[in-house]
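Given chain A, put chain B in place with the hints provided.
In the order they appear, the protein sequences are chains A and B. Numbering follows full-length UniProt numbering, with no gaps: position 260 of the first sequence is 260. Numbering follows full-length UniProt numbering, with no gaps: position 154 of the second sequence is 154.
Since the hints were derived computationally from the structure, they do not count as laboratory data. All of these numbers come straight from a predicted model, not from anything done at the bench. Misleading hints may appear alongside valid ones.
As the list claims (entries may be wrong) - Have a look at the derived ranges for each label pair, beta carbon to beta carbon:
| no. | chain 1 | residue 1 | chain 2 | residue 2 | range |
| --- | --- | --- | --- | --- | --- |
| 1 | A | R75 | B | E121 | 54 to 64 Å |
| 2 | B | D108 | A | A343 | 13 to 23 Å |
| 3 | A | T345 | B | T251 | 37 to 47 Å |
| 4 | B | V60 | A | G181 | 40 to 50 Å |
| 5 | A | A343 | B | I203 | 55 to 65 Å |
| 6 | A | V161 | B | V277 | 30 to 40 Å |
| 7 | B | R107 | A | Y346 | 19 to 29 Å |
| 8 | A | A343 | B | V277 | 41 to 51 Å |
| 9 | B | T173 | A | R176 | 33 to 43 Å |
| 10 | B | I203 | A | L351 | 28 to 38 Å |
| 11 | A | F216 | B | V277 | 50 to 60 Å |
| 12 | A | A57 | B | Q166 | 49 to 59 Å |
As the list claims (entries may be wrong) - Chain B is nowhere near these chain A residues, computed Cβ spacing over 12 Å in every case:
| no. | residue |
| --- | --- |
| 13 | V61 |
| 14 | L104 |
| 15 | V139 |
| 16 | L145 |
| 17 | A185 |
| 18 | R230 |
| 19 | F255 |
| 20 | L309 |
| 21 | A390 |
C-beta atoms are modelled at their ideal positions from N, C-alpha and C, and glycine is treated no differently.
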Amino acid sequence: MTAFQDSQPAIEAPPPDPAAPAPAEPSVTGGPSVTGGPSVTGGPGRRARLAGPAAFAAVAVVMLVVMPLALEPFRLGLLAKYLCYAIVALGIGLAWGKGGMLTLGQGVFFGLGGYAMGMYLKLHDAGGDLPDFMVWSGVEKLPALWGPFGNPAFALAMVVVLPVVMALLLGALVFRQRVRGAYFAILTQALAAALVILLVGQQGLTGGTNGLTNFFDFFGQDLAADSTQRGLYLVVALVLGVLYLAAWQLVRSRFGRLLVAVRDGEDRVRFLGYDPATVKTLTFAISAGMAGIAGALFVPVVGIISPALLGVVPSLELVVAVAVGGRYALAGAVLGAVVMGYAKTYFSEELPEAWLYLQGALFILVMTLAPKGLAGVAAALRHVRTSRRAAA
Amino acid sequence: MEGVLNQLPIGLSIGAVLLLIALGLTFTFGQMGVINMAHGEFIMAGAYTTYLLQGVGFLVALPAAFVVAGLMGLVLEWVLIRRFYGRPLDTLLLTWGVSLILQQLARDLFGAPNVQVLSPEWLRGGIGILPYNRLFIMALAVLSVVAIWAYQHRTAQGRRMRAVMQNRRLAATSGINTGRVDRLTFFIGSGLAGVAGVALTLIGPVGPALGTYYIVDAFLVVVAGGLGRLRGAVLAALGLGLLNSYAEFWTNASLAKVMVFVVIIGFLQLRPQGLFVLRTRALT
Numbered sequence: 001m002t003a004f005q006d007s008q009p010a011i012e013a014p015p016p017d018p019a020a021p022a023p024a025e026p027s028v029t030g031g032p033s034v035t036g037g038p039s040v041t042g043g044p045g046r047r048a049r050l051a052g053p054a055a056f057a058a059v060a061v062v063m064l065v066v067m068p069l070a071l072e073p074f075r076l077g078l079l080a081k082y083l084c085y086a087i088v089a090l091g092i093g094l095a096w097g098k099g100g101m102l103t104l105g106q107g108v109f110f111g112l113g114g115y116a117m118g119m120y121l122k123l124h125d126a127g128g129d130l131p132d133f134m135v136w137s138g139v140e141k142l143p144a145l146w147g148p149f150g151n152p153a154f155a156l157a158m159v160v161v162l163p164v165v166m167a168l169l170l171g172a173l174v175f176r177q178r179v180r181g182a183y184f185a186i187l188t189q190a191l192a193a194a195l196v197i198l199l200v201g202q203q204g205l206t207g208g209t210n211g212l213t214n215f216f217d218f219f220g221q222d223l224a225a226d227s228t229q230r231g232l233y234l235v236v237a238l239v240l241g242v243l244y245l246a247a248w249q250l251v252r253s254r255f256g257r258l259l260v261a262v263r264d265g266e267d268r269v270r271f272l273g274y275d276p277a278t279v280k281t282l283t284f285a286i287s288a289g290m291a292g293i294a295g296a297l298f299v300p301v302v303g304i305i306s307p308a309l310l311g312v313v314p315s316l317e318l319v320v321a322v323a324v325g326g327r328y329a330l331a332g333a334v335l336g337a338v339v340m341g342y343a344k345t346y347f348s349e350e351l352p353e354a355w356l357y358l359q360g361a362l363f364i365l366v367m368t369l370a371p372k373g374l375a376g377v378a379a380a381l382r383h384v385r386t387s388r389r390a391a392a
Numbered sequence: 001m002e003g004v005l006n007q008l009p010i011g012l013s014i015g016a017v018l019l020l021i022a023l024g025l026t027f028t029f030g031q032m033g034v035i036n037m038a039h040g041e042f043i044m045a046g047a048y049t050t051y052l053l054q055g056v057g058f059l060v061a062l063p064a065a066f067v068v069a070g071l072m073g074l075v076l077e078w079v080l081i082r083r084f085y086g087r088p089l090d091t092l093l094l095t096w097g098v099s100l101i102l103q104q105l106a107r108d109l110f111g112a113p114n115v116q117v118l119s120p121e122w123l124r125g126g127i128g129i130l131p132y133n134r135l136f137i138m139a140l141a142v143l144s145v146v147a148i149w150a151y152q153h154r155t156a157q158g159r160r161m162r163a164v165m166q167n168r169r170l171a172a173t174s175g176i177n178t179g180r181v182d183r184l185t186f187f188i189g190s191g192l193a194g195v196a197g198v199a200l201t202l203i204g205p206v207g208p209a210l211g212t213y214y215i216v217d218a219f220l221v222v223v224a225g226g227l228g229r230l231r232g233a234v235l236a237a238l239g240l241g242l243l244n245s246y247a248e249f250w251t252n253a254s255l256a257k258v259m260v261f262v263v264i265i266g267f268l269q270l271r272p273q274g275l276f277v278l279r280t281r282a283l284t
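Just chain A, same shape as in the assembly (with noise of 0.2 Å):
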């Protein structure tokens, strides 16, 4: 029982977990361990300063120079779909991890980046004529719902405003009300539910169960050649690596210890004079930002968009795999985005049938053994290693 423990300041730590990997910590009898368990940065002293940068910049050369070398086009291409599913990821670390939010909804605002994407190219295939879908199923007049996506510049921008003004619409509802917690979940959850059930039902308008798809050219390239392919997936890896840097930077920054704050004590943030719910609005809608870039870039790398990719079970799994990195680091968030990714694909390919009972048995593991997720394991490696280190 986690009786008294919320007495404790834990205002920089995350909440201590019963089930956590125990640091390997002699606790002192009554010695002021106030802070406990192992810092996830890293210690004090340059080694520790520099490890950070220098592991960003060797991951960054990796992906942009080794793998477009390494990995044959179709690879190349799956690590793209991954590396969009990491950007939703580290919208997710930045409000369920940092923020204490759960939002089990990201597929909507993935789904509105990547509905704004799709609706611009068809579009632009169709050159002045009805999209496809719309012609199949007797539609006659272009709805005036798509009438601006044909022009490049605002469907780019609604990839943004859309998500982020559905999110700052919710969350000033929601939070001001402070409603939170479960309650937060469950509505978030509710809402890609409904958004599924009004994308198929709208055949005429959204494509239905099919979603958008045969797209051909993407401003000027043709979407089939391997070169489009290949300059898709490093913009996909730029953009998650300049997105990384803004929200690694938003966490260190004042605003991101207040989010943190509000995590772990949202009363106690308020009573020194802080609104908590601008604070989890405006992460909110940050993290949804995020979500709909995703989708927006999801679309001519994988050449699809469908109410299927952006569900509750899509939602839920992006959750998982954040959970499964660790979500109390952003790094750890990306991570288990890709992870997650590399295993469905695997197993879905190897053994269809087991991939189910293995990913359900994964999360019971990880939730169980290691709430803190991948990133929760290497911190407490790291943490024995250092204290095997300055005992010998």
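This is chain B only, laid out in the frame that chain A set:
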């Protein structure tokens, strides 16, 4: 006008099914802070129990489904969930993993395609616009609510349940075995989901994904009704059932869910913690 009236039993019976599902959720959520995503699979378990017992008789299926689903809930609580108290959002992901496994298990055991359960002779037909099967579902829900109310307010065990829900620590200090109460609550709540599964066989086919169609709406009932509140769950379930069926009737199915969502968000502006709130002095 006739269409409007015809919609009434449909809305009420959907509300009744939602109520049966939400009763279990609201107690496990209110008492233990557990968000059980595998609750939908207990519905499925109840429905498949009915399918397996088709030759034996429909009325045998009711207690059987209650016990089967209840035991599944008991085992889930005992093996996994009790390690997670105080981490409600983690239980959501944990139980989702369980739900994936149970769905796949159903697919392997009974096959992926839906199966049909023949409703018993005496539930076919109806009086006027009231089909017997929908009447039966409503009666089932009414009975369950009365039984739960009696359990909570007329038995010692039920009083302990309310005590733990209101203040777990104080209940524990007063000598109540909270772990036992938790297990029992889980058994009853999951069992009711099984009963909902039996009811669902009367109005549609049974498939491995049966639970997923109802779980999101059932959670909305919990949110709108207020945690752990019997009255709240009853009103919210009926309201949501009617809202669903009338929104579908007047607009179309694809807009109905969006309307329901907007109504719920609007409702939370007025009552952020649902219809009935358990008053406490605790902050969070």
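Status of each hint after checking the structure:
no.	hint	verdict
1	A:R75 <-> B:E121: 54 to 64 Å	holds (60 Å)
2	B:D108 <-> A:A343: 13 to 23 Å	holds (21 Å)
3	A:T345 <-> B:T251: 37 to 47 Å	holds (40 Å)
4	B:V60 <-> A:G181: 40 to 50 Å	holds (41 Å)
5	A:A343 <-> B:I203: 55 to 65 Å	violated (38 Å)
6	A:V161 <-> B:V277: 30 to 40 Å	holds (37 Å)
7	B:R107 <-> A:Y346: 19 to 29 Å	holds (21 Å)
8	A:A343 <-> B:V277: 41 to 51 Å	holds (43 Å)
9	B:T173 <-> A:R176: 33 to 43 Å	holds (37 Å)
10	B:I203 <-> A:L351: 28 to 38 Å	holds (36 Å)
11	A:F216 <-> B:V277: 50 to 60 Å	holds (56 Å)
12	A:A57 <-> B:Q166: 49 to 59 Å	holds (55 Å)
13	V61	holds (34 Å)
14	L104	violated (8 Å)
15	V139	holds (16 Å)
16	L145	holds (15 Å)
17	A185	violated (6 Å)
18	R230	holds (35 Å)
19	F255	holds (22 Å)
20	L309	holds (17 Å)
21	A390	holds (32 Å)
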